[in-house]
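Assemble the whole structure, with the sequences as input and the hints as a guide.
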Amino acid sequence: MKPQLILLIAFGGAFLTYIFGKISSKLRDGAAVAISLALVAIFACLYGRPLQESFYWGFLGLNLSLRLDALSWFFAIAIVSLGALSIIFSLRYMRDRERTDFYYSMMLMVNAAMLGIVLSNDLISFYIFWEMMSWCTFLLISYNQHRALDAGMKYIIMSMIGSVAMLAGILSLYVSFDTLLIPQIASSLATASPGYVLFVLVIFGIAFGIKNAIMPLHTWLPDSYAEAPSPFTAVLSGMLTRMGVYGLLLITYVIGGMIGGTGLGSNVSKFNYVLAWLGALTIVVPTFIAMLQNDAKQLLAWHGIGQGGYMVLGIGFGVATANSLALAGGIFHTLNHAIYIVLLFMSVAAVQYRTGGVRDLNSLGGLVARMPVAFVGALLGISGLIGLPLTNGFVSKWMIYKALIIEGHPFLAFAALIGTWGTILSVYKFLHNMYLGQLPEKYKHLEKSPFSMQLPIAVLSSAVVLFGILPGIPLRVINKICTWLGFSSLDVTIWGFTSETGTLNTINLLAAIVVVSAVVWVLFHRAAKSVVVAQDDNYAAGAYVPRDKYHYTAGFYEPLFTMLRPYLRDVVDEFYTALAGAVRKSCGAVRRIYTGDVGNYVTYIILFLASLILVQLRWRPW
Amino acid sequence: MVNPVLLIVVPLGFAFLIPILSLLSKKAAKYIPPIPLCFNIVVSLLLLPRALENPVVVSIGGWQPAFSINLVAGPVGILLSAVVAFVGLLVSIYAVDYIREGATDRYHMLFLLLLTGATGVVLTGDIFNLFVFFEILCISSYALVAYAGDKAGIESAVKYLIQGAVGSSLLLIGIGLLYGLFGTLNMADIAKALQSPSSLPVFVPMALIISGLGVEAAIFPLNGWLPDAHSSAPSPVSAILSGIAIEVGLYAIARVVFTIFGLSIDSTSNFLMFLAVLGILTLLVGEMCALGQNNIKRMLAYSSIGQMGLILFALAMASSYAVVGGLFQLVSHTLAKALLFLTVGYMTYRTHSLDVSALAGIGKRMPITSLAFTIGAFSLIGLPPFAGFPSKLLIVRAALATKECLFFVLIGGALLGTVIEAAYFFRIVQVLYFKDGNTNIARKQVPAVALIPIVIFVILIVGIGIYPKFITGLLSSAAAELLNRVDYIRNVLG
Amino acid sequence: MRKIISVLLLSIVAVGIYLSVSHIPFGAPKTKVGGHYVEQGMEETGAANMVTSVVVIYRGFDTLGEVTVLFIAAVGLAAVLGIAGQQGFPREPASFVLRNACVVIFPLILLCGTYIFAHGHLTPGGGFQGGVVIASAFVLSYLGGRERRISKRLFGSVESLAGLVFVTTGLIGLAVGGYFLSRILPNGRPYSLLSAGIIPIIYIAIGFKVGSELAGIIDNLIEETK
Amino acid sequence: MILIVSLLVLLMLVGAVAACVFKDLLSAIIAAALVSLIAAVLFYFLQAPDVAMAEAAVGAALTTAIFVVAIRRTNRYEQ
Amino acid sequence: MTFLENYVFYVGAFGLVLIGLFTILVKRNLIKAIIGLAILDTGVNLFLISVGYLARGTAPIYTRAEQGAQPMVDPVPQALVLTAIVIGVAVLALALALAIRLYRHYGTLDLRKITEQRW
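Protein chains in written order, with our numbering: chain F, 1 to 622; chain S, 623 to 1116; chain B, 1117 to 1342; chain P, 1343 to 1421; chain E, 1422 to 1540.
The hints are simulated quantities; they were obtained by calculation from the structure and are not laboratory data. The structure presented is a predicted model; accordingly, all values stated were derived computationally and were not measured. Do not take every clue at face value.
27 angstroms max Cα-Cα, derived DSS-like pairs, lysine-lysine [what the hints assert, rightly or not]: (1) E:Lys1448 - S:Lys773; (2) E:Lys1534 - F:Lys585; (3) S:Lys1057 - F:Lys585; (4) E:Lys1534 - S:Lys773; (5) S:Lys648 - B:Lys1268; (6) S:Lys986 - S:Lys1066; (7) S:Lys1057 - F:Lys22; (8) S:Lys649 - B:Lys1268; (9) E:Lys1534 - B:Lys1119; (10) F:Lys22 - S:Lys986; (11) S:Lys1066 - F:Lys22; (12) E:Lys1534 - P:Lys1365; (13) S:Lys1066 - S:Lys649; (14) S:Lys986 - F:Lys26.
Dropping the structure here:
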């Protein structure tokens, strides 16, 4: 099977879906699901069978080619599976919305573009698919109208900045080495000067950093996540943002020649330390900002940024110190994060669907009774997010901590740990305000979420647990990627791994946890039963108190909120806003050149002529 | 025997024919322009194989080249005349329905003459003849801008006319000086006689000619007329002005700079560097002005300024890659900008307002038009897989290949301009699709006759974007012709 | 302020132009192209007036462009003025002397104009000058305030036909001689009215065209769509 | 000869300046016509009878007529 | 005197050009600006003719009597100027027509007040 055929199916499917949509919405839904599932099947079949590079198109004298190797398979399977799940999830979620044809075809298009990115064997196809992904994303983010428009603009402007930087970088590579095939560049770059390598790293770092929302470049993310249609938010948070991680890995590979051989150039190493520290920063600050959010999707979005920090920390640190444990942790965390964040967004979306789009944490509560499946999804999701043992997040975070401590970087490790505390606090708020506590009166008769929503949630929930107990399944693939990138191999078992830096065995954990929970269960079972007391017959000085007044999920972290708020202003966002304002203003000022007075315009003409002559006179007075 | 002179004379003849025909039938006039333009496309295509081998040089009247006006139909000339004819054809089909008010036969005459002027400019090999065709181009555009007769149109036309007239006077002084210095008007002959472009007596005519042509080519300080004229003209006219007129001006500058004055990047003068800086300045000013603009046509006009800046920058790099990129950008901008103006024409016709906010919700009412607008806008920003992408790619590559710090900085500026451009175009796309607007606009598509050109433009933009090879072959020989001064002189003078 | 800046800029331009112009000696021979025309032109074109032969034969294409420009101006002017609101313009009757003088002079001027463009290849003058003279006859007739006017249709048709004659002559040259505007008629006997090949044909066409266009312009400006 | 020419040139420039400064547009137009007329004479001196004829007919007569028509339709005085 | 001989026509020509440009630059009345254009055109034409002048040359018209007796001035600039004059008058006519229309819309010809199209 040729990779271009896969892309053809993916892109063709997107177009077909649109056309089918004009015929009948049922047909369209079926086609969308069928195509996305077909892609999953194709990639599942391709496991362990790398596809050689194949040229598919000549473009301006460049040979565009595709390939499938361990890294791209890893990302591709994640993309197609999450894509398929969110398409299935959309079936009900989007049913009564307008312009659904557009929505589905764009969803498939985004998936196809992401597949294109990971299958690209040369940087120009990479760039082409990258840009297609960017504008498809823009269209999807703007789909919800109103506030989504601003979010979309923020996204696309930052994304454009990133992509023009990338374009400059790519073409600079092309001019220097006269090739754009990734393997060839990798071999050529080994001979380049360290300064040039640093330039390449910085410019691609900006491009991928924006996409992956590393701290000073993150500001597009919260609004976009919050305002995009929820099933798409799942894709956006799960894989699309993580294309930045893929890009960073690719760059790691491109400069990988240096890792295997004489060791890293000091510039590269320094750059990656900077990256690691930025990653650490990205972990800490957004996590605490997340705590202050009252909007469920905003809260998760800030976590999306924070978790991205772990990946960057892992990869940056891994490359800086040639530590394959950290690198593998970073990659694995990408996958894990994708699984649980998609799960979380889906559970929010399920609630949104039933409550009519409400996602304000202060007005929800107690939904566990109405929507048990969504609750389980959210519970497992936040467990993964925190990194509780036996969920997938634990393994990857553990790998990163371990590597940091063993390599002697306690501050980085500490930052990562702080991030986890913040995560615990904030996701507890999330879970509590949404599912626990008191059920508001108006939500008393909510139905449980439909099957097409429960199915993806169930699948992902089981994945969270599965990868938490059997991390060896994905780690084998990741190990291949690490060796492909030129790192030393890890010793992976189905239950975990052993290495000189530390050993993980989830079977022991499982055993321990089973024992502990058995003990706890027995204790609770033996303990006295609690009595349910109606809250609303409390005495309130003779006055009747409406039931909703007792809604105690409002202002959950009020004291902490007031304490932290002054420190956790989103300075970066303010900076960008100010910058945008300044640009706007200066553009307004530039516009004043065109005064509307012909006399002035003619003056410009004469001025131009006179300055030409004057300059020439001054240059050659002899 | 196909002769390039037909490209100019036949449309001219048809334009002269229109008054007589419109005596017979008032409606006949609007079906006339497509005929000679089709003819021009066919002739251009027939000439193409010969022109690719060797520029077709024909003289008027059959005298030796230096002693009469001659037309040089090299790859550049054929390329541009084909583009002019093609875009003109599509726009004239569009105008069949769009132009309804006033004495429409006059509109069609002027339109055809404008295209004739543009074709003449790109084909002629004589500098005074260039001036004459430029005047044809300019004067017909003054009249067309004022065609609607509304307040804005008249005001813009007056301003355009004054600046244009000053510009062409400067051009004429420059030509006079050149004639005084070299005693000939043939471009190749002047080029042969001219040794160093940087000596003062030669520099002054060059400065005059560039200022004169620059007014039409909308280089930064000389483009005060452009936003007014392009925004207040009827939409098909805006499409032609933005898509053809200014490009032709830029071509004329390139021809003068490269062929007559023989500037090259390694020559002692750093005038080309200056032009490159000017190009980026133009780009940034254009894009910055467009950013805060609320009038959609004005925004497109400013964006044209920006694109001209980019093309000028590419041409000023004077390497073959860069010129290919510049010409590519020229073609893609022509297609995209013409498309944008055509789509906006009917959108504003339906909403009765030029305000961007009035376009809210048009995406639902006129889906195909809005889709076409989106594709045009994406192409202008340079997003794949549309035609603007390969051109931008080539230009950036050429700039990076110069290995000069100045060009790195300049291309940084160009990319910044791209971001600004993206900002305002994406905003419009959002307004089109994702803003609820005026619901009492009828859900009504553009009439079919206007939809045909729009769809063809879209197909071309996507086609060229995916398969740039379609034109790169022609472009690279065009670039070679534009840069190779010695061959040009040899071909013309024998 | 604006004046000072303007003077400053213009003086710089003046200096620049001086530097270039000082290399163009006034009155010195410039033999390159002009010399060739002066020496060979008589034999090659058969016209006594070298300016005419340059205008019509050697640089005939410019001339075609030029009549096109005038055509555009006429059409454009009509387009610009034609759509306006129809506010009439009261015309004061001219004095008796003027009115009657016009009646007499009008045909004379027409005749004079015709003479000028018909003899363009022999004496100074030609299509433009003759055309302008004809147009001035119409100016005079408007000054005289006569109501009798030539219809726009006639102007338009003359304009078009004259333009078509020019183009067709050129195209016949292309068909016969292989070049646009090549000499399809014999040069004839020098200094006679019917000589110099296609020059008289083209100049007559130009004369009619320029005359009718300029007259049309004046007509439109004065009348503004009645 | 040269003196006559110089004088004419001077007169022409004076006429041009006058055309620039006169507030009454009709006077300015007449001054501009004078400039054209003198230019026509200068053309004649420069051995260009054809051009002299054209300039006299166009510049002095026709243009002036158009200008006069135009200011009748607009405003005779500046401001 | 030689300076005068050499430069008097150039001075006249460029004097007109500069005065014309100055008028366009400074004057705020549209008709004045158009007068400036006319003067500018005249100046350019005069310059072109001066370029073609030949000392002691005759007009480039052969007559039966003195064929080839004296050198002739260059006919090319004269041809160019004929073209330029006609183009000039075309532009002028169009400009004035536009001015008439503009006056009808705005009731003034003051260019500093007619700035609806800007920014």
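Original post:
Holds or violated: are the alpha carbons of Lys1057 of chain S and Lys585 of chain F at most 27 angstroms from each other?
Top reply: Holds. Lys1057 of chain S to Lys585 of chain F sits at ~25 angstroms (cutoff 27 angstroms).
Subject >> Restraint status (C-alpha distance of Lys986 of chain S to Lys26 of chain F at most 27 angstroms) >> reply: holds, 22 angstroms
Original post:
Taken at face value, is the distance from the CA of Lys1268 of chain B to the CA of Lys649 of chain S at most 27 angstroms?
Top reply: Between Lys649 of chain S and Lys1268 of chain B the Cα gap is close to 18 angstroms, so the pair holds against 27 angstroms.
Original post:
Do the alpha carbons of Lys1066 of chain S and Lys649 of chain S lie within 27 angstroms of each other, as the hint requires?
Top reply: Distance of about 25 angstroms is within 27 angstroms: holds.
Original post:
Keeping to a limit of 27 angstroms between CA atoms, is the pair of Lys986 of chain S and Lys1066 of chain S held or broken?
Top reply: Between Lys986 of chain S and Lys1066 of chain S the Cα gap is close to 10 angstroms, so the pair holds against 27 angstroms.
Subject >> Holds or violated: Lys22 of chain F to Lys986 of chain S, with C-alpha atoms at most 27 angstroms apart >> reply: holds, 14 angstroms
**OP:** Decide if the proposed pair is consistent with the structure: Lys1057 of chain S and Lys22 of chain F, CA atoms, cutoff 27 angstroms inclusive.
**Re:** Judged against 27 angstroms, a Cα distance of about 22 angstroms means the pair holds.
**OP:** Verify the proposed pairing of Lys1534 of chain E with Lys585 of chain F, using a straight-line Cα cut of 27 angstroms.
**Re:** Holds - the C-alpha atoms of Lys585 of chain F and Lys1534 of chain E are around 26 angstroms apart, at most 27 angstroms.
Original post:
Is the Cα-Cα distance between Lys1534 of chain E and Lys1119 of chain B 27 angstroms or less?
Top reply: holds, 19 angstroms
Original post:
Taken at face value, is the distance from the CA of Lys773 of chain S to the CA of Lys1448 of chain E at most 27 angstroms?
Top reply: holds, 22 angstroms
Original post:
If you draw a straight line from the CA of Lys1534 of chain E to the CA of Lys773 of chain S, is it 27 angstroms or shorter?
Top reply: holds, 13 angstroms
Original post:
Within a Cα-Cα threshold of 27 angstroms, do Lys1534 of chain E and Lys1365 of chain P meet the stated pairing?
Top reply: holds, 18 angstroms
Hint check: no violations occur; every hint is consistent with the structure.
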